[in-house]
Structures are given as structure tokens and as C-alpha cells.
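Colleague: Residue numbering for the sequence shown is 0 to 712, as defined by numbering that gives the first Met the number 0.
The set of hints was computed from the structure by calculation and includes no laboratory data. Do not rely on the hints blindly, as some may be mistaken.
Claimed, not checked - With a Cα cut of at most 20 Å, we get these calculated SDA-like pairs of lysine to any residue: (1) K521 - M1; (2) K246 - T498; (3) K568 - T584; (4) K427 - T466; (5) K432 - L453; (6) K633 - K667; (7) K633 - G688; (8) K667 - D499; (9) K649 - G688; (10) K568 - G601; (11) K667 - V691; (12) K432 - A465; (13) K521 - R536; (14) K633 - K649; (15) K677 - R497; (16) K2 - G19; (17) K667 - L420; (18) K677 - L654; (19) K432 - F469; (20) K568 - D543; (21) K633 - T621; (22) K246 - D499; (23) K427 - P439; (24) K2 - V17; (25) K246 - I229; (26) K633 - R653; (27) K677 - T466; (28) K521 - R497; (29) K568 - S545; (30) K667 - A699; (31) K649 - R692; (32) K547 - D520.
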Amino acid sequence: MMKPLLAGDPPQVNGHRVLGRLGEGGQGVVYLGEAPGGRRVAIKVLGAGLDDPEARVRFRQEIEFARRVKAFCTAQVLATGEIGGTPYVVSEFVDGPSLAQVIRERGGLRGAELRRLAIGTLTALAAIHRAGVVHRDFKPGNVLLSRDGPRVIDFGISRALEQSELAGEFLVGTPPYMAPEQFAGQQAGPAADLFAWASTMVCAATGSPPFGTGDLPALINRIMHGEPRIGDLDGELRELVVRCLAKEPAARPAATEALLTLLGHPVPEQRLLAEGQQSAVPPDTGRRSPATGPSRAAAGASRSGPPASGVSGNGLSAPGASHPGPSASGVPDSGPSVSGVPDSGPSVSGVPDPGPSASEAAGPGLGVARLPRRWLLGAGALVVAAIVTVVVLIARPAPAPAPRSVPTPTPPAPRPGPMALTSTSELKIPDTKITLYENPADPVWVSSYYDTRLDGQRLSYVRDPATGAFAFFANMQEPIVSPGGGYVVSLPVARIARTDFETIVLHDRVTGRDGEIRTVDKPATLFSPTWAKDGRRLLVSVFDTSRKPVPAVGFMVLDPAARSFTVSKVEDGGNGTYEWGTGDTVLHSAADGVVRVLDLRGGRVRTFPGLGELLPGGAARTSLGTVITTTCPKKSEYVCFWDEATGGAKGDVRLPEGARFRGWFDEKHFMATVPDGKDIKVVMMDTGGRSVRVLAEGPATEMDGVVLWFTRR
């Protein structure tokens, strides 16, 4: 219900007339506004939680992520800014009660109504997570039930309060819906949103969250160690809720995987969110037209392999190229430095509601519960217990993936053939001065890129295979598209800060299924994902970051279709990354300067001394035969080609001054980055060292901050 304005309330915000108050809480006031054309909007003016300059800077930087969230079962952000020095957000007005209000007034939901709620809210979380945003306060009070289905509001604003959370003064979120890791001092990721979603579904069905409410220390203890009370939920929804309430974040499904489970059948990537939104609409609304929107070109991060590539500030990692591995500090040498955790982007919208119980009395939008100092001691004991639990979990093998009743379609095969010798079109990378020179006949194109130019931000974009447009993917993730485009993998930057184990994010573009796979235990760290030429397997180098300098200790091979992997330890691994050989072999430059050919168990097949440092791309079929490419041991500015089977010399080529070899395009051409005055060019060269065609160019200052990955389409 709208309340009258008070003295001091703004009469208008950003050209929107303020009509009245919709609610007030610890973060600020939500007003009902009217746009010049008569459209109703929700205006949230931020207050007490964001009153220091650093918090305001973070808010301004990260609100843009929320603007990228597609309007699938969410209230769309329309405008942001400041009024009198106070930040505000204007969003779509959703006319309908909150889920908390409905539960309070008429009890739990049942049957189709509950199912539509589950599908709609998962659709919203999938859209939020695809934009690189974490909600961090998903609860009944932040779900509005409009005439055209549920809408999720207030996603991501808590990011700007993160420093208070980490300092122990605040719990960011609403305790009955918070995940165990949030009480253990860890930052909330997408998995925490799935825990909150499951808690909200239980509350929607039973009237109470699964671990109850009440005294905070007792509630925390139940969440971290107790069993949930799920009531009479049944069927696939019950099974999904149980999975999402797992204590371990890695055991919970991703939002898209959970959504696919409820939809019950394979949905193409470009239709997943639209179908989820349509399935969430009540049958009597008369608004059955399917929603449409640009598809996200998938999930993942790090370097793609044969024939994927990456351009960093130092140049291009060409087809099949991989990351050069960690430096002594454990951070990759080329490309952006990494630290911290993924950013989440803020957004607010809609009508706030205090919630179904006193547990949500934190007010509208984000729940921020002050944690008394006497409870910090009690919470500390709980954290110790949580650490013990994590140690036990790490000692076990990763849980087997849940069986799927629907067979996984075969991913598309990579496009064969050579590169065109000339370009026919130009494409500007959005918001940069970098130009791509392309030809529709090219079997290889820039499939993704990673922008590190903005301080504190690492924005990634993936190309839609159907339209050729780049779509925002995530922050703090480097998406690597497989040859053929069937998969995208990602190593989240946050893995660097973890102390327990690592995960790799895998997105299947054919089925739309997202998933996070638990991999190696710390101190092992993954670097340089490199796809096999057929796009069916992924090779990832494993380093031990507890030792200095950081050595390579082996490699992991992932089967994305089976979502399974093997890890092979290799002695005397040196500090370079692993590359694909031919068949079931792997190449590596050992510490003693030789190139070794290994089987997939890490056993030595062949050893070639004196070849030089292995370069990106692995073994490649060329007009010279199947070759390994290295830096020439006795010729500076030359690269040498060696027979992959015998180690015999097959030729060499001199590169332009300052140029770097980045891998093979086809049998006659390879890729290199070449300085040209104040610019850097990505060029295609032949085996005689002649530049045949420019593929991309831009100012060195731009190329230093934008990583391009080339992949066989």
C-alpha cells in the first residue's frame, strides 16, 4: 500500500514524478514514481548502508552489471544516478503482492501455483547469474507475484555492503535464507542463491523456512549442521530442493541446470529463459506471448585450445593456445592480474515487504542483520566446525553427477577448411578501439573476449554463433569456447583465493545446461584450459601454488559430455603449460629444457632434447607435416618446426621484431601478434614468414587490456 510523502522526500527523481512511499528499510526508501509518459516505476533511494565514499564508488561501478540482467522474471533496471549525493535506482514497477505477504495472508502454495513460482524464480536467478550478478538476499519478501508471473527484485545491492560483511559487523542477507558458507566467513556466490531459493520454496509450501527462525546463534547452528524440514514437498521439486540445500556449495546445481530439471525436457540455449518465463505465467492472465531476448553465448573461463586462441596485452594466444601458466606468485604471467572474488552487480526494484515472519524484519529489499559482538564468539565456534566438515568432504571423491533421463545431444563439429586470404568486413569490438577484419568464409573467428581496462573489473563477452553479436557473459571469468561452439568453460578468478578445492564451470550450449564441477584440492590450481581439436575434450594444466617458483605438477583431462575428469601427476614438470599432441598424447616442456610426449596417464611416450621452449597450439597438421612449434634454441626471433613423431627438424621462420607466434590456423598459415608503431596487429602468416592478412588491430594501450580468443567455429 502506498503511503503519503513526508517532509524531505524528493518531489521528483531523474524526471520521474514521485507519487508516494511504498516502503522503507535499512537501505533506504522505495517510492512509487511516474515517468513522463505515464509509466509507473519503482524508485529506490539508497541511504544508511551506503554512506561512505568507497561504498558509493563500488555501487556506481557495479550497478551496471544489474542493468545487463535480461528481464526474464525480474524487474528491469531503467536508470541509476544520484540525487543530493545519494544513489538511487529506477526500475520497472511490479504491481502485485510479495510472496511473503501471500504466505502471511493465505498460507502456503500448492500444485501448479507452486511449480510456476519455482520455475519463474529459477528463470530470474539464471538471468541474474548470467549477467555476473549474485542476488545475496533471495527470500519471500523479494519475490513479487504479478499478473504475468513471479518477479524477483532487489538483486545484487548487497555487493556494495561487502566490506562491512567481511569485517564481521554485519550479516549481509536474511539469516533464515542464508547458506552455510555465508556464516563461515566466505563470500556468497551463485550457489548461495540456490540455497536461498530452496529455502524460499520450502517457506512458500509450508509457511516456514527449512531451518526455522528465532534466536540467531541457534538458527546458524541448524543451518550449518542440522537437517532441513521440507514438509510435504514431493516429486522432482522436492528432490531439487534437497540438492540445493546441500551444505557444500559445489554440490548444489547451477540455476540453469535446476531450471532444466523443472522444465523436464531439453531446451535450446537461446530459448531457455524465454521458456522458463512462459512456463511461469498463470494460465488465466491472457499474456501468453512468449518472451524473446538475445541468448547468452554461454559460461566459462580461461584459455581455448586447438584452434582457440587469445590475445592479451602481450599479444595473441593462437589456435589451441593456452595460458603460459602461473608466475612465482601463482598468478598468470600474461593477461590481467587476478585477485579477490567475482564481483556481483547491484539492482533494486519493485515493492518491498517485511516478510512472513520476524526473521525478515530487516526491512525492504536487502536484509542486513547487525551481528552483536557476543555472537561473534559463538559464530567462531561454528566456523571451526564448518572447517572440519570441509576437510572431511575434501577427502572424499567428487560426488557422481545425477543421472539424466534425457540423452545429451552431440555437440556440433568444428568447421573444416582453410582461412580466407582476404577480409571482407570490419567489426569494432564494442566500447574499444579494436577492429576485427573478417570474412564469412573464415572457419576461425573471435569467439569471446575479456576486458580488463576498468580498474577492479574483468568483464567478459561471448559471441552468439547464430547472430555473430557479442553478449555480456560475466565479471571475473574468462570464457573459452570449444571448437564447433558446443561448450564453454570457465575457471572463475575466485579460485585463486580458495583454500579448499577448485571448480571449473561448464556450459553446454546444445542443452543449455550449466554446471560447476569440483576438481583438484588445494594447493593445486588449474590454469590454461585447452580444447582438443574436435571440441570433445579439455586439457587443463595443474600447478602447485604452495611452492616457489610455482611448478607444473600434472594435467587434468575433462570429458564435458560425461562431466567427468582424470588428473595425471607428472614428475619434473617444469613451469610451462601442457598442450595437446596427436591422438591421446600431451606435450610439455620439462624443467630440463626437453619437450616430452606423454600419454593421458602422464607416462612418457617420447622425449626430444634440445628443441627449445614449446609454443602455443600443440601438435598441428601442416604442409610441413605434423609438427611441434618451439622457440628456436640458437636463433633469436625465429620459431622452429619439428616432426611430432621423430623430433626431426622440419624448418624455421623468422618473425618480425617483437612479434610472437600464437598457433596454427590451417595447414599453411599460423597466427602472430606484431607491434606496428603505437598499434598491435594480429596477423596471419605463411610458413615463409610473410604476412598474408591482418585479422585484428588496435592501439597497444587497448590491446594490453583486452584479451581476444579465436576459435574454430
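Colleague: Among all the numbered hints in the text so far, which are the ones the structure does not match?
Modeller: 1, 6, 8, 12, 13, 15, 21, 27, 30 and 31
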